[in-house]
Structures are given as C-alpha cells and as structure tokens.
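Protein chains: 4
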Amino acid sequence: MPENIFPLDSSKKFTEQEKLGHNRWHPEIPPVATVKPGDSFRVDCREWFDGAIKNDDSAQDILDAPLLTVHTLSGPFAVEGAKPGDLLIVDILDVGPIPQEEGPLAGQGWGYTGIFATRNGGGFLTEQFPDAYKAIWDFSGQVATSRHVPGVSYTGLIHPGLMGTAPSAALLAKWNQREGALIATDPDRVPPLALPPEAEHAILGGLDRGEWGRVGGEAARTAPPRENGGNQDIKNLSKGTRVFYPVFVDGANLSLGDLHFSQGDGEITFCGAIEMGGFVDLRVDLIKGGMDTYGVSENAIFIPGNVDPQYSEWIAFSGTSVTLGGEQRYLDSHLSYQRACLHAIDYLTKFGYAPEQAYLLLGSAPIEGRLSGVVDIPNSCSTVYIPTAIFDFDVRPSAAGPYQIDPGMGAPKASA
Amino acid sequence: MPENIFPLDSSKKFTEQEKLGHNRWHPEIPPVATVKPGDSFRVDCREWFDGAIKNDDSAQDILDAPLLTVHTLSGPFAVEGAKPGDLLIVDILDVGPIPQEEGPLAGQGWGYTGIFATRNGGGFLTEQFPDAYKAIWDFSGQVATSRHVPGVSYTGLIHPGLMGTAPSAALLAKWNQREGALIATDPDRVPPLALPPEAEHAILGGLDRGEWGRVGGEAARTAPPRENGGNQDIKNLSKGTRVFYPVFVDGANLSLGDLHFSQGDGEITFCGAIEMGGFVDLRVDLIKGGMDTYGVSENAIFIPGNVDPQYSEWIAFSGTSVTLGGEQRYLDSHLSYQRACLHAIDYLTKFGYAPEQAYLLLGSAPIEGRLSGVVDIPNSCSTVYIPTAIFDFDVRPSAAGPYQIDPGMGAPKASA
Amino acid sequence: MPENIFPLDSSKKFTEQEKLGHNRWHPEIPPVATVKPGDSFRVDCREWFDGAIKNDDSAQDILDAPLLTVHTLSGPFAVEGAKPGDLLIVDILDVGPIPQEEGPLAGQGWGYTGIFATRNGGGFLTEQFPDAYKAIWDFSGQVATSRHVPGVSYTGLIHPGLMGTAPSAALLAKWNQREGALIATDPDRVPPLALPPEAEHAILGGLDRGEWGRVGGEAARTAPPRENGGNQDIKNLSKGTRVFYPVFVDGANLSLGDLHFSQGDGEITFCGAIEMGGFVDLRVDLIKGGMDTYGVSENAIFIPGNVDPQYSEWIAFSGTSVTLGGEQRYLDSHLSYQRACLHAIDYLTKFGYAPEQAYLLLGSAPIEGRLSGVVDIPNSCSTVYIPTAIFDFDVRPSAAGPYQIDPGMGAPKASA
Amino acid sequence: MPENIFPLDSSKKFTEQEKLGHNRWHPEIPPVATVKPGDSFRVDCREWFDGAIKNDDSAQDILDAPLLTVHTLSGPFAVEGAKPGDLLIVDILDVGPIPQEEGPLAGQGWGYTGIFATRNGGGFLTEQFPDAYKAIWDFSGQVATSRHVPGVSYTGLIHPGLMGTAPSAALLAKWNQREGALIATDPDRVPPLALPPEAEHAILGGLDRGEWGRVGGEAARTAPPRENGGNQDIKNLSKGTRVFYPVFVDGANLSLGDLHFSQGDGEITFCGAIEMGGFVDLRVDLIKGGMDTYGVSENAIFIPGNVDPQYSEWIAFSGTSVTLGGEQRYLDSHLSYQRACLHAIDYLTKFGYAPEQAYLLLGSAPIEGRLSGVVDIPNSCSTVYIPTAIFDFDVRPSAAGPYQIDPGMGAPKASA
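Line by line, the protein sequences are chains A, S, W and G. So in the working numbering, spot 223 of the first sequence is number 223, and the numbers just go up one at a time. So in the working numbering, spot 212 of the second sequence is number 212, and the numbers just go up one at a time. So in the working numbering, spot 270 of the third sequence is number 270, and the numbers just go up one at a time. So in the working numbering, spot 386 of the fourth sequence is number 386, and the numbers just go up one at a time.
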C-alpha cells in the first residue's frame, strides 16, 4: 500500500499543515517531495475551499465563498529524471473521501454542491439562477444522497477535478498574456471573463516567503484548465485512469486537488460536483521525449479506468444554439448545452423539483453531456443524458403523467 | 413484421419514386401516408445526396456535392388524432442499410464519409481542411471498414441523422425570422452562417405543383436541428430508442432520413458519419397534451436503446478554448471541442495516418465528444474519446513508440 | 450484402424446398453449396419443428411435438480448401427472424417457448413441471412480449442455437459408442438418457435416397452438443460473434439452424428460448492447421459480439446441491442450478406469476446462469441473474411487499 | 464513515485479538457486537488461513495448509429486532484489502492463489493437478499482477467469499444429518465428500470455554455454502451489492470473512480467488416477515453492485459432459465446466503458459462460467469466458499463430 507523502490533518487549516501545498501555478514553487518513476504514493487533498462550506441548511457560506483562495493543491511532486519534452504517466490507483473520519470538513462522510451567485463567480446558467444555493450530500459507501435534493441516489464517479504539471516560465507568460488580453476587452464584467494573478491570497508552498509577493503577482490562478492539464474537471479521471501529461519543467512537478465524489459533464453549477477532501493513490512513470513522439504538447491525454458506475438506461434532452430570447447564434455549442440543460430542468420540475434542485442534480449526478452535432449550420445540437436508475421513481414520460416527489425542505438559498 | 409504407426503388431517382418525399420543412406539405397510434411500419430512406456520391477513388463528387437538394426525406407521415400540444412517441424498432442489395447507391453494402471543401459548406475543422476528401466504407454485417482509412473497423452505431415533426406556420415564421437575422450579419460569408429558403431545388411531396414556388420560397432548409427535432445527428438515436417529439400541426407529420451507418459525436466532417440509404422500422404513439405535462416544447427528448456497440477502453484527448493562433476565448465549448479533435488528429498522425484520414476517422467512428468543463473561466474543457478496440493495432502510448500503419492509397482529395 | 445460398420458402415444408437440408449428423451428407474462405453469404433457417407449433392458446402441439424430426438444419456448406486439422472461422454477421413476413410460421413476427411434458422429452425441471405448456412471443423490432407471460418485455439476444461442422466417420463412431453405452445403462428411462440413431425420420439432404436407410441408421441425432459444436444453445453466439470450429472432414461441411430470438443460460425449458425460423449472414475463413496450433480439437471456441442487449441491474438467486427432498449431493452443479432456478420461480410467484409462467420466463429471458462455486465440498453454488429492467414493475424486494401482476390468461397447458 | 466494530491487529493471531471471531457455524455462538437496522459499520476480516501462507516462492505452505482451522470469521453481529422469518438486508458499502499496510499478512498489499494437493482437499481439476501450487499477486490500486503468472493484470472484483446468518439448532441438525449421510457413503475418500464437525480446531468466539467441546462437536464446518448463505464464493458480491439473507435465530447473527481480491466463477483452484484479509463496510436493515413474503427461505438472494470491472471482449471455451477418458455422462454440468476449463488451459499453454499457470489464472481472473445448455441430452454445455484485455498480448486466434510469453520462474510447486 502506498506511503502517504502528503498527509493532511483534518483538524488544521491548509496553511498549518506539516507540509504546505499551493494555490497558484508557478515554476518556482519548489517540490514538496520527490518520487521515482515507477513509484506509488498516497496524497491527501483538501477540499477546494479549505473548510469554508459547512454541513448545514444555509447557503450563506456559498454566497461568501472565498474564491481568491482556491484551489488548495497538494504538491508539487517532482519525478526524478523528468525533463521538458517527456510525457508524465500518472496512474490513478485509487481516490476517495477522507478515510474513516466523520466531522465538519467536507470529505468527512459528506460533500456539497453549490450554485454560485452571479456576483461571486456565477455558473453555467447564472442568468437563470443569479442567487446562491447549496446541497449537502451524505456518503454511504460509494453512494451519495441529499436531504436537499430528494428522490435520487447515485454511485460516485469519484475523481480529482484538478491535476497537472507545473508550467515553464515561458508557458506561464503565455497564459498571462492571453488571459490578460481577454480581460482587457471587458475588465469590469460580472462575473469576470478571466482571473488575473492575485498575490494577497496566494499560497506558494515551500517558496521563500520573501518571494511570495513577486511570484504571487505573476503566478496563474488555478480555475481554468490549460496546457498542463489543471482544473479540467473531467469526470472520467476516475479510479484506474492513466493520464499522460506534458512536462514543461525539470521534475515535472505534479500537483493535484479539488476532489469530487461525483460530477456530471460540465460541472455546470460551477461549485458543481460533490466537493470534498480525501486521498489519491498515484503511480508515476515517464515516456522520455514522449511529447514529440506522440504529438502531445498542449493538453493531457488519458485512458479512463474500467470501474466507473454502470448505467444502462438514460433519459436525454437536446438543445440548439438559439438563445432563450429567441436569437439565433452560429454553431454555439456552449449555448446549445445550456439549452439542453434547461430543457432537462424544465422536465424535472414537472416531477415536483424546484428548478434549483434540478440544476444541483445536473451538476452532481453522473450525467453525460455530448456535442452531438457541431456542423449543421446554424444550430449546434448538444445533448444531456441522465441515468434513469438514479431516481427512486420512474422518471420516464408516460400517459400516466409525472410522479410527484416531496421536494422536502428544498435547497438552501442565499441572495446578495 | 411492419408493412413498408414508403418503399423506394434503388434504381430510380428520389423524384421518380412511386411516393414522393420532400427536402424542405413546411406545414403545407401533405402527408404521404397516415398511421394510427400503436402502429408499426417500415419506411425506406434515400441517402441524403440521392446517389450523387460514387463508390470510387475520387473526391470530385464530394467537391461538387449538390447541397441545395438535401435532405431527401421520407414522409410526412400523419398520425391519427395527433394534435398540437401532444407528444409524439416514436420507437425506432430497427434501422439498417438497404436490405440484400449490392450496387452503386450508398446503402447498397457501402457508405461514404466526406470532408466538404470550404467553398461548399466546409465543416468543423474547415480552416485546417479547406479541400474535399472522401472515404468509402464497406459493410460486413454491422461492421465497417475502408480502403481509404486502413487499420480500423467499427461496429455500426446505425441511426437516422434526421427525424422530426412538421413545424406550424408560426414556428416556421420564427425560424425564418431568426435565421434571416443571423445571415444578415454577414450575408456573403463563405461558408454561410445559415441557409435561407430556396425554391428552385425544393421538393415538396404531394403538394400541388402550382404551390411549389410560394411554399418553396418560405419552407425551411433541412440542414439544422430545430424545435421539431430535425437534423439532430445524434448518434445515439439507434435501434431500440424511444423519442418524444413535440407536435405542432394536426397529425404531427413525421418525416425522416439521412441514415448513418456510424457516426461520432458532432459528425465533425459535416458530410460526416457513414452516409447511406436504408430502412427504418418505427412504431408511433401519442401522449395527449404531453408537451405541457412534461415541459417539452422546443426539442425532442429520448431514451436511447440498449444494443449500442459496447467498448470498454477509450483513449481520450482534451482541448480548451484557446485558438490555434493562441488567442484566449471565453468559455467557447465549440472551440475547445475543435482543439480536442485536433489533438486527436495530431496524435493519430504519429501512427502514420494522414491528417485527413484521422479527421475522416473521427467523423465516422463511434467517438464520444463531451462537454467536460463549461464553467472554469475562461477555458471550456471538451474531451473526445476514441474506442481503442476499433484499431487493428495498439493505439495506446508506450515507451516503445507508436506502431506505424501502412496508410495505403490514402483518402481521395479534390481541390477547387 | 451477402447472397442467399440457402433460401427457404415459408409456405412450403422443409422437405419441399428447392434445396434440401438435413436433421442428422453424418459425414456422407453431401454439401448443398460450396463457398470460399473470405466469402459472406446468407442462409435461411427453418424453426426446429418445421411449423408444427402454432400461434394459438393451446399447448397440445407442444405435447405432441415431433421430436424425431429435429433439427431441420440448413447445410452442409463446404468451404474450399478446408482440411481436417484446420480451424474454421465463422463470423455471425447478422441473424434475425424471417424478414418482412407475417404468418403462421414461427419466425414470421412471432416465436414460442415450450415446456415439454416428461413423457415427451421433459426439461430441466421436469419433476416439478411434468406437463406441457406454451408461451407465444410477439416481436416488435428486437423486443419480445407475450400474452402468456405478462409484465415483461426483453430485447432479443438473437442467436443460432445450433451450428457445427460435420463429424468424420471415426468421430461419429465414437459418439454412437459412448452414447449407446449410456443408454444401455437404463434403456427404458423416461425421458431417455440419450437419443440413438433413428432412420425413419432422418432427412439427409442430397444424399442418394438409396443410402438413407443405412446412413440414417448410423447418423447422429442433433439434440446434444458435441466435439463439432452442434446444439450448444449458447445464448452468446449473437450478432458479431466469431466462432472457431474444428474441421473433421474435407470442406468442413458447416450446418446450422435452431434460431432463437432470446434465451437464458441453460435454455432450461428444453423447448426453451424463443424458437423461430429466420436468417443468418455468415462469413467463413480458415486457420490452416489451427486445431493443433491452438489446441482446439474437441469443441468450438468463440469471441462473442459487442452488440448484446445491455442491462445494468440484476436480481440473483443461488442454489446448492441439496435435493428438494433434502438429500445432500456431492458438488452437483446441475442440481445447484436447478435449485437456483426453483428459488427464482418461488420468488416470482409471489408477484402473481403462475409457476409455469415463471419457468417459461427463465427459459426465454436473457438470464445469466453461473457456476459460482464448484469446490466447496459438498455443495456446489450456482446462481441465476435476471435483469430487473425486463419487468414492467419493480421486482426488487422491499418493505412494501411484492407488486401484484395480472397473470392474464396464463400459459396454455396440455396434459398427457 | 462507518465505525469499525470488529478491528483486527495485523501483527496478532486471530485468537489473540481484542474481539474473538469464530470458524464454525452454531446458534450458540454469542454475538460479538449488536447493531441496529439502518446502521453502517466496518468489520475487519482475517485471511482464511490466518497468515499461514507466505509471500514467497515456495508452495510448501499450500501443501501443508491447515484446513481444519478455516474460516476465520468476523462476527457474529446481532441486528436488533431481527426474528426468524425476517429477511436481513446487507448492503456491501465497500470492501478492500487491509488499508495502508505492507507486510507479511495476505491483504497487506498482496494476496495468493493456491492449487491444493489431492491429499489436502484437492480442487476442481485435482485429477489433472494432484500437486500443490501457489501464485502470489501484488496489488496496485485495484489491479493485481503476479510474478508467478506473467503476462496478465486484472482489475479486482473484490468481494467477501463468505457471509451468512447463524443457523437455528434445527437447521444445524439438518446439515449434520444430510452431510453425515453423504460421508457415510464413502467415508475414506480422498479428498473427502464432506467435512464433519471437528472440535479440536474449533474457535467459537465468546462462547463459554467450558462449552467449546460440546458445541464444537456439533458445529458445522464453514467450507460449504448452505441455506444461510455462507461460503458461497459468488464473485459478484462486490461493492454496492445488496444481499437478502433468511433469518433463522433472534438477532440474525451475521458473520463474514474469506475476502477475495479477485476470483473467477467457480473459484476453481479451491484456494482459488486471490485470498486476502481486509475490511468490509456494511449497512444492515430488515424486511419483517420477508422470508414468507418473498419466498426466500433456503438461500440468499442479491442485487449486484454497479461498479464491477468492465470488459467488453471475451474469448470463450465450451465443454460437454464427456469425461477425459471418453465416457458419456448424463447432463453433468459440473463435468462440462471442468471440460470447458481444461479446454481453456490447453489453449493458454499454446501461448507458453505452464498448465498450472493457466489453471491459477482461471481461478483468480474475473472469468465468467456459464451453464449454457442443461437440457440437450445427454450433453450439458458449459462455457467459460476470459476477458481478452487482461492479457498484455493478443490472445485471440489468428493465422499468425500464438504469441509466446516468457513464463518466468513459473508457479512454485510442492509434492507430497
């Protein structure tokens, strides 16, 4: 069984741990540990808000969620012999919530899904859902249920939302240039177009404290996925998956975090998924010079594991790239997926769900979101598939009409 | 076994058949046949170009493909008692190529995938692939192979690319208004932003010929999916699928066509999929008033069948919403899927495929295209999954480096 | 599309067809057609009783079923160049009921499952079910339902129950010797231990009529599976399957028949499965000398196809090798499977099924029957798995107790 | 996260633990703990030989395996309110090897598969394999590999081999009667027909020591599965499975053990599976009076979980009920499965495996063993399916002939 090379104490804050992680991308953050090709090891991961979200029936914590502090990453872990141009093989041997603990920290037997308020980051459907909502999920084995979203239980598709290698200085500069240029097109937008470097809340691991101001001022925020992998939020990076990351710095410097107990394609509620802390068991190896050999230079490639939850029946909804207001957009797959998700929400409300309950469900359940048609001008066609077996009742359309659930207390809400 | 209510003679043109279909959407096109709720029936379908594409080694026919004539639809089929506001249940009992025929018409034991030239419609990656290409696929049972794309064979995920109910006059007017407004923003664009009504090549079934000019001048083109379903190109509408369409006119007036032997999510090469003619066995039923009861008013919903080809290992590629030129776009899932597909193409070329072979493969193989992350500003993350078992060789990365295929004659090309 | 080299006219008896098949195994039955390695071809198959079983509500025809005449096989088909010692590759490209026909012959849109009376062959649970019963199944696309077994519908796992190569004279002699020896241990048993050669009802294809007496007197009955494959009744020999048969005579001389629309592991009702006539599309090839190269000399090996119906939830029952009377047997997996099936039947009767309805269901539904434990002396443990999705109601145990179906008219019964 | 109510210290023997389990079935063994309906809890389990088998390259320990001491069970656990006639619901929330430990005890990062010598219990193919063999498997996440069986790696189908409720006195008496009667038919057989009570090595938990002699003399051995579940060795009792056990005594008194990292249908090598110690997380509930309500009185029924390893391609072998010596047996499914397994072994040896390596592979890999035909007199047809993806090489037959592995050191052997 792999040795834990990054243990976390659930009773202490992220910054008070024996080994300090980081919440920004920068090549100068030194490795917190070094492993060899072929090594297996365990890493604990803190939930992305470091305990700010509580297991209660209020969404005030979601409304006030400290976005500047995320993500609390474990790492970097250097791999001996890794050089720029290599491919780093990462096998996800296991991943799960915090073992054998109950308590107030997400991952201690429970997790949460949030809808962010528009003024605090928003989400995929923020125009329709401008306020903050929260759902708490209880874990029982690999199954999650919620007092805030009744009538469903799903088998967790557990995965790290964020994993990646350190950028080189040149790559970091490229990120800052292009994202800065985007922000500059509408710098006051709410929510913003992108997140610029921010030094005040930066945590930079073992970097000399005297450098935190300079490095924090240029280090990349961890929200978006980029060439190094990063916050890809790919629900399929589950147990048994092999990922191949490009290496940009000596040692590769792998970091990871943002564990999810379950998530649908898109992580559409933003603080979507079922967020939690926990552990990941990894094994690393190298393909020397693999970036050029396999043409992999800008993004991770991966082979998903073979123990994902199996569902064999799905109810699916489609959407096209016409806005809710009726405006025709040109092959906008982002819009067509929004419309597909809204169609699913409309449908679920007929069974008694509040719209925000349906939205929280789509963010956390193992839904499939597919780019079904991307060439039939002017309409993209996106589709979203919900496994029917996650419902306690028959969710299929019939002449008998929809079953009516008891929506219970509903999902807690907080408005600005 | 269901009666064939729309037989087609493979030796005759679409317009010379005993029963005439149509290639435009309009409420005034009269039903070609009427069925009852609960009825099962067979419908033959012509391949979408009505035989213009040949089983040969030239792409000239793809370059000259007659886009104004598509799609050659079977129908409309009226359902007794269907009224606006109902949901039309359509069970796809079976679907396949033209039974027991060999010959020059796509569907007679073979099909084709095309990459359209930019000047003739283009496709998902038209900037990278401005010329026309073609691949011919031979069918053996439910398996397709191609002399133009060696080293792969896939089990067909056979489905109708296009199926839908007739629009009401009001709905049609809405389409023309919104698509016209889009076209007006850049009327001379190549390829165009959308396709306006076009009367000259319109085929309008049993409508009185004296009306063809007027109706053809306002009837909607069949390329895009819309509220009535239509050309959704959803690969999962396979055998055993139940679809629920909104009903907009008395009788529902269902039409269908554009059969595909196989297709990946997105149908990315435009004349993607493996195009063919063939048959579909359907059973229809009604949920009276179902549009309101289930909140389904703008798009089809569906429950996919349970006999799709099973693959258990996939190699996956991700992409973000940064252009090839390095520009950062804001949560553009269309772009991120393009980048994921380009990453897959780059990878496959390392095994000896020409880029256009890899592109044709992605358009026709049962790939999964997922909207993995849609909220992590500013980068969407899209992912594309290719089943490893479709390759005759080991397509996974390893220290040994990529196997080298014999690319054979390659995919025929035609330039403007 | 493959040429039909063995067409059958549904309106004529098996013996009145243009090409005559056979119902016994013997090396001297001449090939009815010859194909080349690599060839694809279609073969029509007659249902195993040649139309004796009717689509009605009486089981008299099952009680009187003419067992001496089975199976009405299509073939033999010789493969050019095949020699003893080769492996014959048979790809099942497609298989289905009689295309586009409705009528009185099983396979024309319907099929049947029968429980044989003890005095006419019996079945797996003949001690508990000594009388004859019948269930008629209607096909709708790939789905079967029955007026005699309400509350279930299943997607067909369509396959040929019987396929095999011709025995050599030596192999045939071995069969006759060993089966004769078994019969001799209890020659008057009802049902019999095995079936000796029987010349009167033998049909021997194109063999000179003058030889039918001699050859029929030594030709093997087709009921059991043997070294040549034969009546294996393996439900997984479905579309897309590749089978490898040992070759015992020049030309291999492949024959096939006994098509099933669906069947559970064991085909437990004997005239189990959903019996029908139909077609099979095959492609053949050879591995020269493959019997020795791969150590395959006594039985077929195979790679099942990848389009079998997918179910993801099952309810399972176990049984051990203790008789109903309480006697302990030593590792008797046949008995433990009987007990598992009886447990499943007991369970289903609690939902309102008659025992014979439950038995007919188990024989025809795509159940899994597994040898779970074969070493834990003295009890074997066999298990049977029923997909829960085949039921219209929730078949799982709960505190609410079992749902009660309307058993309808029940399954027709006939007693001796 | 569930509380551990039966912790085991890996450095101490089973009999030296804080809480003492048992290795016999008897109603008088008192509960070691009591839980409530709805409770979740963790239970540690000792590997079945309590550490007698070593992680080395000798099979002497297998030859000398102390069969009289097995199985070292955890429990009994009483459930409040459980009464005879109820059904006990047991949800397997999680199951795995000993967390985060490396060491000399099976389950500490490794496990073993053994072939027992005929004189020490034998196994399914003991006539062909009369000597003792061993294979050690190393765990990496959910994947197992072996230095003794090269060329394969499989994803663990982790499950408890043994779980069951306590028998009533009447049920125990029935067991002793019927098994004693069987033994009496051939009391000196090697291996024996069944295992009679044996007091000397009995461990009886918290039962007063003064009673151990009497109770041990009548308590049932744990090797066979029986009406209470017990040593069913059903590979599908994996994570997420819900089992329903009949209740025979107040409190139900559930016990469990014999964890397996992986196993094929049949556990054919006897000490088959990959044996290990570890943990199980359970949740229990009751269906009052459920035995009668659902007709479940003699065996467990269950609904398998949905996270089993997924494989989509299998190579399959068939066997009939003819002995290796050529004798025809009547519908003997046990024999036909033996023959199917021997055919698989013959095949694998052509790739360079020693027969015992192939046998060990079949015992431990997630193979499917099916009762394909049980009515076609006189031959049963059993089939065994091996997932092709577990092999590092292409295991399918082809004209190129079999790949040749390096068999390595081979499997350690020990002869009497």
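Among the hints, erroneous ones may be present.
Same chains, same label: a pair holds when it works inside one copy or across any pair of copies.
Claimed, not checked - With a cut-off of at most 25 Å between alpha-carbon atoms, the simulated PhoX-like pairs for lysine-lysine come out as follows:
{"hint": "1", "residue 1": "Lys54", "residue 2": "Lys13"}
{"hint": "2", "residue 1": "Lys12", "residue 2": "Lys413"}
{"hint": "3", "residue 1": "Lys12", "residue 2": "Lys350"}
{"hint": "4", "residue 1": "Lys36", "residue 2": "Lys350"}
{"hint": "5", "residue 1": "Lys83", "residue 2": "Lys13"}
{"hint": "6", "residue 1": "Lys13", "residue 2": "Lys174"}
{"hint": "7", "residue 1": "Lys54", "residue 2": "Lys288"}
{"hint": "8", "residue 1": "Lys288", "residue 2": "Lys350"}
{"hint": "9", "residue 1": "Lys350", "residue 2": "Lys83"}
{"hint": "10", "residue 1": "Lys174", "residue 2": "Lys413"}
Think of the hints as simulated: they come from the structure by calculation, not from any bench.
Since the copies are identical, ignore which copy is meant and state whether Lys12 and Lys350 lie within 25 Å (CA to CA) inside a copy, between copies, both or neither.
Classified as neither; 44 Å inside a copy, 48 Å across copies.
If the cut is 25 Å between Cα atoms, do Lys36 and Lys350 qualify within a copy, between copies, both or neither?
neither (55 Å within a copy, 28 Å between copies)
Between the shortest in-copy and the shortest cross-copy C-alpha distance, which are at most 25 Å for Lys350 and Lys83: within, between, both, or neither?
between (56 Å within a copy, 21 Å between copies)
25 Å Cα cut-off: does Lys174 pair with Lys413 within a copy, between copies, both or neither?
neither (39 Å within a copy, 37 Å between copies)
Up to 25 Å CA-CA - Lys174 versus Lys13, copy category:
Intra 33 Å, inter 56 Å, cutoff 25 Å: neither.
Which holds for Lys54 with Lys13 at a C-alpha limit of 25 Å: within a copy, between copies, both or neither?
This pair counts as within: shortest intra-copy Cα distance 15 Å, inter-copy 43 Å.
How would you label the pair Lys54, Lys288 (within, between, both, or neither) given a Cα cut-off of 25 Å?
neither (45 Å within a copy, 38 Å between copies)
What label fits Lys12 with Lys413 when the C-alpha limit is 25 Å: within, between, both, or neither?
neither (29 Å within a copy, 53 Å between copies)
Alpha-carbon proximity context of Lys83 and Lys13, limit 25 Å:
neither (34 Å within a copy, 48 Å between copies)
Alpha-carbon proximity context of Lys288 and Lys350, limit 25 Å:
between (55 Å within a copy, 16 Å between copies)
Hint compliance for this structure: hints 2, 3, 4, 5, 6, 7, 10 are broken, all remaining hints hold.
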